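As you go down the protein sequences, you meet chains X and S in turn.
Counted from 1, the first sequence has number 59 at position 59 by the working numbering; the numbering is strictly sequential.
With positions in the second sequence counted from 1, the corresponding number in the working numbering is that position plus 189.
Hints were generated in silico from the structure; no laboratory data involved.
There may be inaccurate statements among the hints.
[As the list claims (entries may be wrong)] Derived lysine-lysine pairs resembling DSS-like cross-links, with alpha carbons at most 30 Å apart:
1) X:K133 - X:K111
2) S:K390 - X:K43
3) X:K33 - S:K287
4) X:K33 - S:K502
5) S:K198 - X:K13
6) S:K465 - X:K10
7) S:K432 - X:K10
[Unchecked claim] Pairwise CB distance ranges (calculated):
8) S:G356 - X:N17: 34 to 42 Å
9) S:Q257 - X:E62: 34 to 42 Å
10) S:P421 - X:G11: 40 to 48 Å
Small disclaimer: the values here were computed from a predicted structure and weren't measured.
Backbone N, C-alpha and C define an ideal beta-carbon position, used for all residues, glycine too.
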Amino acid sequence: MQYNTSDFRKGLKVQINGEPYLITEFNFVKPGKGSALYKCKLKNMIRGNTLDRTYRGGESLEAADVEETDCQFLYKQGDMFVFMDNETFDQYELSADKVGDAWKYLTDGMKCIMTLFNENPMTVAPPNHVVLKVEYCEPGAKGDTATNVNKPAKVDTGAEILVPIFVNIGDNIRVDTRTGDYVERVKVK
Amino acid sequence: MTSETWPAKASLETLEQRAQLLKTIRQFFDTQKFIEVETPLLSRDTVIDQYLDPIAVTLPNDPRHPQQGKNYWLQTSPEFCMKRLLASGADAIYQICKAFRAGETGRLHNPEFTMVEWYRTGDDMHAGMELLSELADLTLKRGLAQKLTYQNAFLKYADVDPHEITGPQLMQRLIEMNIDIPASITVEDHDGLLDLLLVEKVQPHLGTHCPVILYNYPATQAALAQVRGTNPAVAQRFELYVKGIELANGYCELLDPALLQERNQKTNQLRINDGKPPLPEASHLLEAMQHGLPACAGVALGLDRLAMLAIDKQSIDEVLAFPIDRA
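Put together the whole structure using the sequences plus the hints.
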C-alpha cells in the first residue's frame with residue numbers, strides 16, 4: 001500500500017529504503033505560487049535514528065506493515081532468543097542485537113510485545129515492570145535503610161541492576177524496564 | 190456521536206480581536222475611497238495555476254440526483270470577478286471573503302480561509318506595494334515594509350543569483366547547503382528548486398524586524414502579473430513577509446488577453462504533466478480582458494495569517510472559530 005503526501009501525518013508508519021520509519025513531526029508548507037512541500041521528521045523504527053525529509057505534493061511512500069503481537073519469551077539458545085506468539089503459537093527467533101537491552105529483563109515465560117515488520121520480528125518490549133531475583137550482591141549492613149546509596153546486584157537474567165544498599169541475595173526486586181531503574185523489593189508467594 | 194470537536198477553537202477574546210482587525214481594515218479602505226464589493230464564491234471560472242487546486246461543486250439540475258448537474262468552482266481567490274468589475278468600470282474595490290483551496294491544511298493553511306483582496310486602477314507595482322505597506326503598518330504595528338528584490342534576497346541569504354544560476358548549479362548549491370531535495374524535483378524544474386531554497390534559506394529571514402516586501406519575481410513565476418524588462422525580464426509581482434510568514438501576494442496586473450491565453454495553455458500543460466485535470470481556459474475574465482481591463486495593481490492578503498500575527502498566535506487554527514477538523 002502507498003501513502004500519498006495528502007495522507008501524511010504524525011504517527012504514520014512508512015518505508016524508506018526497505019526500513020520502517022515513523023513520522024514524528026510533520027509540516028505542510030507552500031511557498032508563494034509553488035508546489036506544496038511536506039517536511040517530515042522520521043524515526044527509524046529499528047535503529048532509532050532520525051531523518052529530515054521533504055516530499056512534494058504527488059509523491060508517495062510505501063506503507064510499513066508494522067504490527068504488535070503478544071508473545072512470551074521461551075528460552076535463549078546461543079545468541080538467539082526464542083519467543084512464541086500467544087495466539088498463533090508461531091515461534092520467532094530474535095538475534096541479540098534486535099533484542100537490545102531487553103535481554104536484561106527476560107525470564108522464562110515472560111509476556112512481551114513483539115513488533116513485526118513485514119511479518120519479521122523487529123524488536124521486543126518486555127512489560128514496563130518486571131520482577132527479578134537477586135543472585136549476588138555485596139551484603140548490606142544490617143539496619144542500613146539508606147536509599148541514596150546504590151550498589152550493583154547480579155540478577156537471575158545475568159544482568160546487573162543498581163539497587164539500594166539494603167537489598168540482599170535472594171531478594172526479589174521490581175525493575176522499571178524503560179529506565180533500568182530499581183523500583184522496590186517485593187515478596188513473591 | 191460524541192466528540193471533543195464541537196467547541197470553538199479560537200477563544201472568544203481572540204475572536205473579538207479578529208473582529209476589531211476586520212473593522213480596522215474596512216476603515217482603512219474606506220478612508221482610501223475603496224468600495225467594498227461582494228462577488229460569487231461559486232463560479233463557472235477558476236484561476237488556472239499549476240499548484241492551486243480548486244474544489245469542484247455540482248449544482249444539481251434535479252434535487253433527486255444531487256451528483257449530476259453543472260460544474261462550478263469554489264473560488265481560490267475572488268480575482269476573476271473583481272477584475273471583471275474593473276473592466277465594468279469600477280476604480281478602487283476591496284473584498285473580504287472566503288476562499289477555498291483543496292489539499293491545504295497545516296499550521297498556516299486551512300482549506301477554507303478568509304482573503305482580503307483589493308484592486309485600484311492607475312496603480313503600478315510600486316503604488317501597489319506602498320498601499321500594502323501602509324495596511325501592514327496599520328494592522329501589525331511593526332512599521333512600514335522594507336522593499337527587497339527577489340534577486341537581492343537570494344543573493345543576501347543564499348548567495349545565489351536566481352536569474353543567472355543554471356538548474357544543475359542550483360541543485361549543487363542545495364546539496365552543499367544540506368537541503369533535502371524531494372525526488373520529483375529535477376534540474377529542469379528551476380522554479381521548484383528556487384522555491385525550495387526560498388523556504389529553507391530565504392523566507393526565515395524575511396520580516397524578522399519590520400515587514401518585508403519581496404518584488405521583481407522571475408518571469409517564470411509571473412502568474413497573472415505583467416512581465417517587464419530584459420536581462421533579465423522580471424515579473425511585476427510582490428509578496429509581503431512578516432516573521433518569515435508569507436502574508437500577501439500582489440501584481441501589477443496582466444492586461445493582455447493573448448498573454449493570458451498563452452499562460453493558461455502553458456499552465457494547463459504543466460497540470461496535465463503532474464497528472465491533474467486541466468482547468469477551463471475560456472472564461473469571463475478572458476472576455477473582460479478582450480473588452481479592456483484598465484491598468485491596475487491588485488493584492489490578495491490572507492486575513493487568518495494577519496490575525497495570527499496581530500494577535501500573536503502560533504497557528505491559524507487559533508484564530509479560527511472552527512478550523513477544518515471542527516468544521
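Hint check:
For a cut-off of 30 Å, the pair hint linking K133 (chain X) to K111 (chain X) stands: about 17 Å separates their Cα positions. With a CA separation close to 24 Å, the supplied pair K390 (chain S) and K43 (chain X) stays within the 30 Å bound. Between the alpha carbons of K33 (chain X) and K287 (chain S) the distance comes to roughly 19 Å, so the proposed pair stays at or under 30 Å and holds. In summary, the hint linking K33 (chain X) to K502 (chain S) is supported, as the alpha carbons are separated by about 24 Å, within the 30 Å threshold.
For the suggested pair K198 (chain S) and K13 (chain X), the alpha carbons sit about 29 Å apart, so the restraint of at most 30 Å is met. Our distance criterion of 30 Å between C-alpha atoms is met by K465 (chain S) and K10 (chain X), whose separation comes to about 26 Å. For the suggested pair K432 (chain S) and K10 (chain X), the alpha carbons sit about 25 Å apart, so the restraint of at most 30 Å is met. Range check, G356 (chain S) to N17 (chain X): about 26 Å between beta-carbon atoms, so the 34 to 42 Å window is missed.
Remark: the range hint 34 to 42 Å for Q257 (chain S) to E62 (chain X) is upheld by a beta-carbon distance near 37 Å. The hinted window of 40 to 48 Å between P421 (chain S) and G11 (chain X) holds, with their beta carbons roughly 45 Å apart.
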